[in-house]
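Number of protein chains: 2
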Amino acid sequence: MPGIGPKSAQRLAFRLLQDERGAAQELSEAVTVALERVGRCGRCRMLAEGELCELCASQARDDSQLCVVESPADVLAVENSGAYRGRYFVLMGHLSPLDGIGPAELGLHELDLLLAEGRVREVILATNSTVEGEATAHVVSELARTRGLSVTRIAQGVPFGGELEYVDGGTLAHALTGRQQVG
Amino acid sequence: MPGIGPKSAQRLAFRLLQDERGAAQELSEAVTVALERVGRCGRCRMLAEGELCELCASQARDDSQLCVVESPADVLAVENSGAYRGRYFVLMGHLSPLDGIGPAELGLHELDLLLAEGRVREVILATNSTVEGEATAHVVSELARTRGLSVTRIAQGVPFGGELEYVDGGTLAHALTGRQQVG
Chain A
26 MPGIGPKSAQ RLAFRLLQDE RGAAQELSEA VTVALERVGR CGRCRMLAEG
76 ELCELCASQA RDDSQLCVVE SPADVLAVEN SGAYRGRYFV LMGHLSPLDG
126 IGPAELGLHE LDLLLAEGRV REVILATNST VEGEATAHVV SELARTRGLS
176 VTRIAQGVPF GGELEYVDGG TLAHALTGRQ QVG
Chain B
26 MPGIGPKSAQ RLAFRLLQDE RGAAQELSEA VTVALERVGR CGRCRMLAEG
76 ELCELCASQA RDDSQLCVVE SPADVLAVEN SGAYRGRYFV LMGHLSPLDG
126 IGPAELGLHE LDLLLAEGRV REVILATNST VEGEATAHVV SELARTRGLS
176 VTRIAQGVPF GGELEYVDGG TLAHALTGRQ QVG
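Taken in sequence, the protein lines are chains A and B.
The first sequence begins at 26 in our numbering and counts up one residue at a time.
The second sequence begins at 26 in our numbering and counts up one residue at a time.
Rather than coming from a laboratory, the hints here were simulated on the basis of the structure.
Take the hints with a grain of salt, since some may be wrong.
[As the list claims (entries may be wrong)] Beta-carbon label-pair distances, calculated as ranges: (1) GLY195(B) with VAL156(A): 19 to 29 Å; (2) HIS163(A) with GLY107(B): 49 to 59 Å; (3) GLY28(B) with GLN50(A): 46 to 56 Å; (4) SER121(A) with SER33(B): 27 to 37 Å; (5) ALA34(A) with GLY195(B): 26 to 36 Å; (6) ARG40(B) with MET117(A): 54 to 64 Å; (7) GLU190(A) with GLY195(B): 48 to 58 Å.
[Said to hold, decoys possible] Covered stretches of chain B (chain A as the covering partner; in silico rule of three or more C-beta atoms under 8 Å from a C-beta of chain A): (8) 35-41; (9) 94-105; (10) 177-189; (11) 196-204.
[Claimed, not checked] Example chain A residues on the side facing chain B (calculated, C-beta under 7 Å, incomplete): (12) ALA55; (13) ALA108; (14) ARG178; (15) VAL207.
Quick caveat: nothing in here was measured; it's all calculated off a predicted structure.
Quick reminder that beta carbons are idealized off the backbone N, C-alpha and C, glycines included.
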């Protein structure tokens, strides 16, 4: 589990089995219920309790923008930024041929069906700024372009509040090549 | 001194005065020599041993681009990124009215003279992505625009190798609003 090493795991296990058997029972039931209730959104593949996730079910979102991200945690990150009012599509991973993760596993067929509906005008590639994320973004952009849609990539550059002196060379190189006209 | 707190300072002082009196003498002389030799470049205000710094004296740089940064350390950072072949102008700080740092202290008059020569076509604003850095960038951009020059700002966004999940909301908001057309 993320953030829990062998030592922490052992401590948690002893606490649950020794002192907190009631809590252990509750935990087990809560996980069972969560497993039963939480599935995938039929539209964007986000984790969801019903057939559609809240974001897909909402009437207040802009149908013309589709933000493609790698994971449910990324949806929350973009939502928390407060800068986006469109829809999402969650790949649930990134291209990784060695792990057997290809276009089918990332739901690119479902994505294509969604784009075929014709409501999306702009596909925003918000995969991670890693090598795998870039490769995944490239594949998605090819797909969107065959449909004649506008494709954009979130900006890479100096983080908000960042000082040049402490930014790595790769980021600074991206910030320079991606510089934008002012005014 | 940056990175040296009271404890470290005391340890260094005792070492120099107790066991390393020879080294202390050398240090004193080295600092004196450095103070005598290192001044400011007459052109870009970078630290320099001669009248001009190496970057201003070089024939291999592109005169049409001028990258405006806050400090000498930022010049090194941009150089180390390997993505830039133009000239620099070092403000030696950022706008900070409360500390008495205004346009005169940042050498904006010298910058204006340099732009008046007519060789610079694009001014690249590479001040820090902080509130003070943005305010400083704004003032420099006004100056460059009265000369009719192209003004660009280095990109703000997700750092190279960064994962959305661990990026702060402000950065992600900038990355979204600064998204760029692909292909």
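Problem set entry | Restraint check, 7 Å cut-off on beta carbons, for ALA55(A) near chain B | Not OK, violated: ALA55(A) not within 7 Å of chain B, min 24 Å.
Problem set entry | chain A over the segment 196-204 of chain B, status - at least 3 residues with CB closer than 8 Å | Three-residue rule met by the segment 196-204 of chain B, so holds; n is 9.
For this session: Hold the hint about VAL207(A) up to the distance rule: shortest CB distance to chain B must be less than 7 Å.
Result: holds (4 Å)
Exercise. Does 49 to 59 Å hold as the CB distance between HIS163(A) and GLY107(B), or does it fail?
Worked result: Violated, at about 23 Å.
Problem set entry | Coverage assertion for the segment 177-189 of chain B with respect to chain A, Cβ distance below 8 Å, three residues required | holds (count 13)
For this session: Quick one: see if chain A covers the segment 94-105 of chain B, three-plus residues with Cβ-Cβ under 8 Å.
Result: Since 8 is at least three, the answer is holds.
Exercise. If you look at each residue in the segment 35-41 of chain B, do at least three have a Cβ nearer than 8 Å to any Cβ of chain A?
Worked result: Not satisfied, violated; 0 residues make the cut.
For this session: Using 7 Å as the Cβ threshold, decide whether ALA108(A) counts as touching chain B.
Result: Nearest chain B Cβ about 4 Å off; hint holds.
Exercise. Is the gap between the beta carbons of GLY28(B) and GLN50(A) within 46 to 56 Å?
Worked result: holds (52 Å)
Exercise. Falls inside 19 to 29 Å, the C-beta gap from GLY195(B) to VAL156(A)?
Worked result: holds (25 Å)
Problem set entry | Outcome for the supplied range 54 to 64 Å, where the beta carbon pair is ARG40(B) and MET117(A) | With a Cβ separation near 57 Å, ARG40(B) and MET117(A) satisfy 54 to 64 Å, so the hint holds.
Exercise. Does the Cβ distance between GLU190(A) and GLY195(B) fall inside 48 to 58 Å?
Worked result: With a Cβ separation near 19 Å, GLU190(A) and GLY195(B) fall outside 48 to 58 Å, so the hint is violated.
The structure fails hints 2, 4, 7, 8, 12 (numbered hints given earlier, in ascending order).
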